[in-house]
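As given, the protein sequences belong to chains A and B, one line each in that order.
So the number in my numbering is just where the residue sits in the first sequence, counting from 1, plus 1.
So the number in my numbering is just where the residue sits in the second sequence, counting from 1, plus 14.
Simulated from the structure, these hints should not be mistaken for lab results.
The reader is advised that the hints may include incorrect statements.
What the hints assert, rightly or not - Calculated cross-link-like contacts (lysine-lysine; reagent style DSS-like; alpha-carbon spacing at most 30 Å):
#1 K137(A) - K257(B)
#2 K219(B) - K64(A)
#3 K250(B) - K43(A)
#4 K104(B) - K177(B)
#5 K273(B) - K246(B)
#6 K212(B) - K137(A)
#7 K98(B) - K177(B)
#8 K104(B) - K43(A)
#9 K216(B) - K231(B)
#10 K96(B) - K137(A)
#11 K64(A) - K177(B)
#12 K98(B) - K43(A)
#13 K136(B) - K64(A)
#14 K137(A) - K51(B)
#15 K216(B) - K102(B)
#16 K137(A) - K136(B)
#17 K285(A) - K105(A)
#18 K64(A) - K257(B)
#19 K246(B) - K257(B)
#20 K102(B) - K231(B)
#21 K98(A) - K201(A)
#22 K177(B) - K43(A)
#23 K96(B) - K257(B)
#24 K96(B) - K246(B)
#25 K6(A) - K105(A)
#26 K98(A) - K284(A)
#27 K64(A) - K179(B)
#28 K177(B) - K54(A)
#29 K104(B) - K250(B)
#30 K54(A) - K175(A)
#31 K175(A) - K98(A)
#32 K54(A) - K136(B)
#33 K64(A) - K98(B)
#34 K98(A) - K64(A)
#35 K179(B) - K54(A)
#36 K175(A) - K103(A)
#37 K64(A) - K104(B)
Claimed, not checked - With the Cβ distance kept under 7 Å, some of the chain A side facing chain B (calculated, not the full set):
#38 N49
#39 G53
#40 S58
All values reported here derive from a predicted model rather than from experimental measurement.
Every residue gets a Cβ at the ideal spot worked out from N, C-alpha and C, and that includes glycine.
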Amino acid sequence: MKKRKLIESIIHGIFLILGLVTVGCVLLITIYLVVSGLPAIKEIGLFNFLFGKEWASTAENPKYGILPFILTSVYGTCGAILLGVPIGFFTAIYIAKVASKKIKTLVSGAVNLLAGIPSVVYGLVGMLVLVPGIRKLFNIPDGSGLLSAIIVLAVMILPSIIKVSLTALEAVPKEYEDGSLALGATATETYFHISVPAAKSGIAASIVLGVGRAIGEAMAVMMVSGNAPNMPSLFESVRFLTTAVASEMSYSNGLQRQALFSIALVLFLFIMLINTILNLFLKKNKETTK
Amino acid sequence: MKKIIAFIIIILSASILSGCGKTTGTVSTDGSTSMEKVIGALGEAFEQANTGITFTYNPTGSSSGITAVLDGRCDIGLSSRKLKDEEKAKGLTETILALDGIAIIVNTSNTISDLTLEIIAKIYTGEITNWNSVGGSDSTIVLIGREAGSGTRDGFESITNTKDKCNYRQELTSTGDVITTVSQNPNAIGYASLASIKDSVKALKIGGVTPSEQTVKDGSYVIQRPFVLVTKTDVKLSNTAQKFFDYITSSEVSEIISKAGAVPIR
Chain A
2 MKKRKLIESI IHGIFLILGL VTVGCVLLIT IYLVVSGLPA IKEIGLFNFL FGKEWASTAE
62 NPKYGILPFI LTSVYGTCGA ILLGVPIGFF TAIYIAKVAS KKIKTLVSGA VNLLAGIPSV
122 VYGLVGMLVL VPGIRKLFNI PDGSGLLSAI IVLAVMILPS IIKVSLTALE AVPKEYEDGS
182 LALGATATET YFHISVPAAK SGIAASIVLG VGRAIGEAMA VMMVSGNAPN MPSLFESVRF
242 LTTAVASEMS YSNGLQRQAL FSIALVLFLF IMLINTILNL FLKKNKETTK
Chain B
15 MKKIIAFIII ILSASILSGC GKTTGTVSTD GSTSMEKVIG ALGEAFEQAN TGITFTYNPT
75 GSSSGITAVL DGRCDIGLSS RKLKDEEKAK GLTETILALD GIAIIVNTSN TISDLTLEII
135 AKIYTGEITN WNSVGGSDST IVLIGREAGS GTRDGFESIT NTKDKCNYRQ ELTSTGDVIT
195 TVSQNPNAIG YASLASIKDS VKALKIGGVT PSEQTVKDGS YVIQRPFVLV TKTDVKLSNT
255 AQKFFDYITS SEVSEIISKA GAVPIR
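This is chain B alone, in the form it adopts within the complex:
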């Protein structure tokens, strides 16, 4: 009996000690859920090119990612909005990785295919409540949005200038939920990252401009936002993290970025 207990204690202490080993060759990223596809593809490509390096991504949201960098819990923070001035004042630097269009999506059975930014703002603030006032069928518009704090919501509300004025019927916690809900309800309108739009919903033209990589890049599609890499201004990245940072901000990855649905800027 005693022997067994001693044996257990030895194993336990051995496993605790082995956990103290230094972890080398990891890059940790943390932040925007909208950037999942892009950063995932980049991380995968980086891991393939550099065997032995582990890449991690923690999808928590832009604000959490920024906080994580500040707290030193990750190497690179991911934000799908530009840094606020007060965040820059805390010693953070932003580097734009790519651009992302926010698509306005409706159910595929909806006859509307083109709206202007002003009308979308009016719809979301509750000034227009029926599809027939914009030329659609006689049915109440159901507004689908994201939860408070979401990067996509922040992006959409700041671009359409509807901050804190949106009259959401549903506040969902992920892009996938928004797309599913809109695809289920013929009266719904929602917004989601252009990169994640599927055929199950219809993306509206804005002022006659179809959302696409081309129109986001040349700026004619107006509902767009930057994907930002957040780092500490006065703290050097680890060698591995710096290598990753240089890699994803080089022009050779632009194909990976556009394959993942975002618009490369280099």
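Pulled out of the complex, with its shape left as it was, chain A reads as follows:
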């Protein structure tokens, strides 16, 4: 009996340590980012850093304004959501309610596959197919820019939107729908007036998750966005918060490197904010399904 108790407590100890490793990683990253991100902000000045419109990190008189990156990340994410959410939302409804079993397996298999494609592959296909395509379609000198990035991001966030919405839609109790159908509503009316409202916080959570994925993506957008630090505009070459860090980090030194850490800190705060919102939705979701 005593031996069993000892083993129990050892196992508990191991689990505790493993749990602490995760927490420790988060803490370490947070502390490291804050410590290495603050000096540059202090030196450049918070206002100049966040609202400066010019980024020229290796120039004779370096300028470290990240407003173009912030706006690009916000616009790019909004664009991807505008494109991706309707497609993802209707796909989820289709898979959950309309599709026959065979098609359902096929489509959800495709969605899972889409989720598994590495981002560099999205970037490569975007670079070789999408960018020249946009150049020819709109007859502009160069196709890389915000629009290409938005399209790539929209495709990349589809799996998370579809999967989370799907789970929420499938969790809607069948009685709700049966009741609606029994009262004479058509199937489509039932989906949009009963199932969707009942799953709305789950669907909202899927959108927030998509936002998080879009704002944090670096590799794919780096290959299609052109990477010049311009103010965002649909056909202009732009740089995101993520790509600003990734593209210059390997060669950087001194204040430039510190400023890159500060950008990472800003990005981190953005993602923390999104995570908080996501948690709120999930909490609400739990309460409504209870």
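Take the given structure of chain A and dock chain B to it, following the hints.
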């Protein structure tokens, strides 16, 4: 159960201890991505001639390579630009390994084949924006460049005297990306290391001089830069690293260097 845990602990500690063994016979290099081909070929040849020695190369970029030497994270730093005076003041020495031409590349469908250095500078600073002002078709010039800090960008901008004035449409993070992008876009112009140019793009003549090993060596092709080995001035290299250093700076490797696309100077 206890036995298993004890066993795991033994294995873990054994593997940790074994990691403490001394590593002998390695040469580590770190730096310029443009030098990848050259240093890779040299490292391979060196490893073949000296079995048991491991050669490593970390493609991080010229400035990172220089920092790595300073921090003692590698034996030899690789830089595709000459050292700045302040870097020399920190106790670093440069040894020129070879020369590299920077080719100005356009799409194969572009009718232009010859530009002067001044016109290229004007194109990159945005003074000339349309191909028809230099005798080409009526289309906007798309400027492709490298990211801030890149050795190739630094080399190109300092040779054409366009430092901080370039109006890039795209800033890409590798030579391969530049070549791919230029080969995809008929309006594009870009720059890349001569060693890595492929048939998918067209390298322009500069003032009538075709970029080639010969024209870089005799200095008539003007857009060129040195490939530099960076070492600490007052710290001796390890025996293995010194052997590698002597080997790659000897005249017997000139064929390997030119095969890798750079121009040997010895």
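How the hints compare with the structure:
1. K137(A) - K257(B): Measuring from Cα to Cα gives roughly 55 Å; hence the hint is violated.
2. K219(B) - K64(A): violated (35 Å)
3. K250(B) - K43(A): violated (40 Å)
4. K104(B) - K177(B): Roughly 24 Å between the alpha carbons, so the hint for K104(B) and K177(B) holds.
5. K273(B) - K246(B): It holds: about 29 Å lies between the C-alpha atoms, which stays within 30 Å.
6. K212(B) - K137(A): Judged against 30 Å, a Cα distance of about 25 Å means the pair holds.
7. K98(B) - K177(B): This hinted pair holds, its Cα atoms lying about 15 Å apart.
8. K104(B) - K43(A): Roughly 27 Å separates the two Cα atoms, so the pair holds.
9. K216(B) - K231(B): Given pair K216(B), K231(B) holds - Cα atoms ~21 Å apart, limit 30 Å.
10. K96(B) - K137(A): Judged against 30 Å, a Cα distance of about 42 Å means the pair is violated.
11. K64(A) - K177(B): Holds, because 15 Å separates the two Cα atoms, which is no more than 30 Å.
12. K98(B) - K43(A): holds (28 Å)
13. K136(B) - K64(A): holds (24 Å)
14. K137(A) - K51(B): violated (35 Å)
15. K216(B) - K102(B): This hinted pair is violated, its Cα atoms lying about 37 Å apart.
16. K137(A) - K136(B): holds (27 Å)
17. K285(A) - K105(A): holds (29 Å)
18. K64(A) - K257(B): Violated - the C-alpha atoms of K257(B) and K64(A) are around 44 Å apart, more than 30 Å.
19. K246(B) - K257(B): With a Cα-Cα distance of about 16 Å, the restraint between K246(B) and K257(B) holds, given a limit of 30 Å.
20. K102(B) - K231(B): Holds, at roughly 26 Å.
21. K98(A) - K201(A): holds (15 Å)
22. K177(B) - K43(A): holds (28 Å)
23. K96(B) - K257(B): holds (23 Å)
24. K96(B) - K246(B): Given pair K96(B), K246(B) holds - Cα atoms ~15 Å apart, limit 30 Å.
25. K6(A) - K105(A): Violated. K6(A) to K105(A) sits at ~49 Å, over the 30 Å cutoff.
26. K98(A) - K284(A): Holds - the C-alpha atoms of K284(A) and K98(A) are around 25 Å apart, at most 30 Å.
27. K64(A) - K179(B): Since the Cα atoms of K64(A) and K179(B) sit roughly 14 Å apart, the hinted pair holds (cutoff 30 Å).
28. K177(B) - K54(A): holds (20 Å)
29. K104(B) - K250(B): holds (16 Å)
30. K54(A) - K175(A): violated (54 Å)
31. K175(A) - K98(A): The hint holds at about 11 Å.
32. K54(A) - K136(B): holds (25 Å)
33. K64(A) - K98(B): holds (21 Å)
34. K98(A) - K64(A): Answer violated: K98(A) to K64(A) is near 54 Å, above 30 Å.
35. K179(B) - K54(A): With Cα atoms ~17 Å apart, K179(B) and K54(A) stay inside 30 Å; holds.
36. K175(A) - K103(A): Within the cut-off at roughly 21 Å; holds.
37. K64(A) - K104(B): With a Cα-Cα distance of about 26 Å, the restraint between K64(A) and K104(B) holds, given a limit of 30 Å.
38. N49: violated (19 Å)
39. G53: violated (16 Å)
40. S58: OK, holds: S58(A) within 7 Å of chain B, min 5 Å.
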